[in-house]
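Protein chains: 2
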Amino acid sequence: MKLYVIGIGPGGADQITPRARAAIQDSDMIAGYTVYIDLVRPFIGEKEILQTPMKQEIDRCTRARDAALTGKTVAMICSGDAGVYGMAGLMHEVCADYPEIEIEVIPGITAACGGAAVLGAPLMHDFAVISLSDLLTPWETIAKRLDLAAQADFCICLYNPSSKKRADYLQKACDIMLKSKSPDTPCGTVRNIGRDGEEGTVYTLEQLRDTKVDMFTTVFIGNSQTRVINGKLVTPRGYENK
Amino acid sequence: MKLYVIGIGPGGADQITPRARAAIQDSDMIAGYTVYIDLVRPFIGEKEILQTPMKQEIDRCTRARDAALTGKTVAMICSGDAGVYGMAGLMHEVCADYPEIEIEVIPGITAACGGAAVLGAPLMHDFAVISLSDLLTPWETIAKRLDLAAQADFCICLYNPSSKKRADYLQKACDIMLKSKSPDTPCGTVRNIGRDGEEGTVYTLEQLRDTKVDMFTTVFIGNSQTRVINGKLVTPRGYENK
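As they're listed, the protein sequences go chains U and R. Counting in my numbering, the first sequence runs from 1 upward without gaps. Counting in my numbering, the second sequence runs from 1 upward without gaps.
Please note that a few of the clues may not be correct.
Keeping only pairs whose Cα atoms sit at most 30 Å apart, straight-line, the calculated DSSO-like set for lysine-lysine is [claimed, not checked]:
hint : chain 1 : residue 1 : chain 2 : residue 2
1    : U       : K172      : R       : K144
2    : R       : K72       : R       : K47
3    : U       : K144      : R       : K172
4    : R       : K179      : U       : K144
Computed list of chain R residues with no C-beta within reach of chain U, every gap over 10 Å [said to hold, decoys possible]:
hint : residue
5    : M1
6    : L39
7    : A67
8    : K212
Distance windows between CB atoms, simulated [said to hold, decoys possible]:
hint : chain 1 : residue 1 : chain 2 : residue 2 : range
9    : R       : Q171      : U       : D184      : 33 to 41 Å
10   : U       : T201      : R       : L69       : 26 to 34 Å
11   : R       : T204      : U       : L136      : 19 to 27 Å
12   : U       : T141      : R       : D28       : 45 to 53 Å
13   : R       : L136      : U       : G45       : 44 to 52 Å
14   : R       : E199      : U       : D97       : 24 to 32 Å
15   : R       : S163      : U       : K47       : 40 to 48 Å
16   : R       : Q51       : U       : K164      : 49 to 57 Å
17   : R       : D28       : U       : G197      : 27 to 35 Å
18   : R       : L136      : U       : S182      : 19 to 27 Å
19   : U       : G238      : R       : S182      : 30 to 38 Å
20   : R       : T204      : U       : D97       : 19 to 27 Å
21   : U       : K55       : R       : L136      : 39 to 47 Å
22   : U       : L135      : R       : D28       : 43 to 51 Å
Bear in mind the hints are in silico, worked out from the structure with no lab data behind them. Computed from a prediction, not measured in an experiment: that's the story for all the values here. Backbone N, C-alpha and C define an ideal beta-carbon position, used for all residues, glycine too.
Take these sequences, add in the hints, and give me the full structure.
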């Protein structure tokens, strides 16, 4: 009994690894949020599809597990990397009582890496990845992580920086980081990473604070060494200082 | 004038994206550390190769830049992701005075994602990536980041956890994290990610402290919610608590 949890990268077929593609082809059933299934539809062929809407993650994973228990090889599709805010963890949780199911997680390019490449090289030194979504995490935990990550002079990558209900969360996050980071800290946003309309923009932290972003955007905040070189965001690793 | 900085993922050809492969094929000259060039040799063909040994990063990037200035399309090969402790940043630095060179960074699967997939799903929640190498970063900075990341209850992924000169650095790092994290915190190591001899091992933080690792190993430390499920390291995102 086999269950793949597959990261398909940012979106385009040219960023899906051969390993991910082979696992999809090896599967009898393809499961996942409709938008992600559409991204791999060109090479699904006639396979059985288990589509579930957004925000029904437990149901989605349970149904994939139950299909695997009937002997089908099932592929759960995630955007980006399956192990970074994807379905890899929950799939292990819902299969806890079914050790006979072999779960294979297949990594993909996560938005931190895909977005950083668009902006230049903002994550060249130690960095923290933080989701601003408080659907599953209390805001106090998020705020504490932002505060300590800024104090540690990490480069910071923010996932889920905004939604309709959380229109001011990026501003609140910037205010926390501004306690330890300079208002001139170079920052950037990338919208639609790896898809049509991909767009990277460079800001200062002070400007970012007053910028509206949407849920298709990933946000990058530099460390104290980050600078802008020819329009790109670059965090030196330190070779030039040696 | 075009210069690619390409992340080829953990090692195997099946984790190199089509985009990375196409950029290699589009290039006139392939540059990089010998070991990484060997990994892509099957699809380099008869292209010109610029090999440089380890630890001559500035020289490597400068020579690639100078080749690009003659009109050649050059591909700088990095293992993992080009933008996470790779060459993307330094390449932008050495090209600072040559804005006529178009630098395109092509992301790859970094060890944090590739190794997490081997262990299960340890990075499902907010995480920090920290290199223990003090070649370019003062140990005090590394220690401060470890301390604050542990206080923030981040999952933590450690790159470069050891070398001949730094045999006790992982132990020192664990001692710092043990100030804020429980000795029972589930942890893991992955050796030879995506290559022959790939091996993941699960420990507690207390056990990890007394474990010797080598430079081919990536280390994962859970947060306060991480647990072991059927031998896999899993950090819940929180769906089951909703």
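Comparing the hints with the structure gives:
1. Of the pairs offered as hints, the one joining K172/U and K144/R holds, with about 25 Å between alpha carbons and a cut-off of 30 Å not exceeded.
2. Proximity of K72/R to K47/R is assessed by CA-CA distance (about 11 Å); at most 30 Å being required, the pair is judged to hold.
3. Pair hint K144/U plus K172/R holds up; C-alpha atoms about 25 Å apart against a cutoff of 30 Å.
4. Between the alpha carbons of K179/R and K144/U the distance comes to roughly 17 Å, so the proposed pair stays at or under 30 Å and holds.
5. Remark: the non-interface label on M1/R is consistent with the geometry, its nearest Cβ contact in chain U lying 13 Å away (cut-off 10 Å).
6. Here L39/R stays apart from chain U, with its beta-carbon at least about 14 Å from theirs, past the 10 Å limit.
7. Chain U leaves A67/R outside its interface by the beta-carbon criterion, the shortest separation being 19 Å against a cut-off of 10 Å.
8. A cut-off of 10 Å between C-beta atoms confirms that K212/R is not in contact with chain U; the least separation is 23 Å.
9. Distance hint check: the CB atoms of Q171/R and D184/U are about 38 Å apart, consistent with the given range 33 to 41 Å.
10. A hinted range of 26 to 34 Å for the beta carbons of T201/U and L69/R is consistent with their spacing of about 29 Å.
11. The hinted window of 19 to 27 Å between T204/R and L136/U holds, with their beta carbons roughly 26 Å apart.
12. Look at T141/U against D28/R: about 50 Å separates their beta carbons, and that is inside 45 to 53 Å.
13. At about 48 Å, the beta-carbon gap between L136/R and G45/U stays in the expected band of 44 to 52 Å.
14. For the pair E199/R and D97/U, the beta carbons lie near 27 Å from each other, so the given range of 24 to 32 Å is met.
15. A hinted range of 40 to 48 Å for the beta carbons of S163/R and K47/U is consistent with their spacing of about 47 Å.
16. One distance hint, 49 to 57 Å for the beta-carbon pair Q51/R and K164/U, holds here, with the actual separation near 53 Å.
17. Our hint of 27 to 35 Å for D28/R and G197/U holds, since their Cβ atoms are close to 31 Å apart.
18. For L136/R paired with S182/U, a C-beta distance near 22 Å keeps the hint of 19 to 27 Å intact.
19. Checked against the hint of 30 to 38 Å, the C-beta distance between G238/U and S182/R comes to roughly 33 Å, which is consistent with it.
20. Range check, T204/R to D97/U: Cβ separation about 23 Å, and the 19 to 27 Å hint holds.
21. Judged by the Cβ atoms, the range 39 to 47 Å given for K55/U and L136/R holds: they are separated by roughly 43 Å.
22. Against the hinted window of 43 to 51 Å, the Cβ-Cβ separation of L135/U and D28/R comes to about 49 Å, which satisfies the hint.
Checked against the numbered hints listed earlier, the structure breaks none of them; every hint is satisfied.
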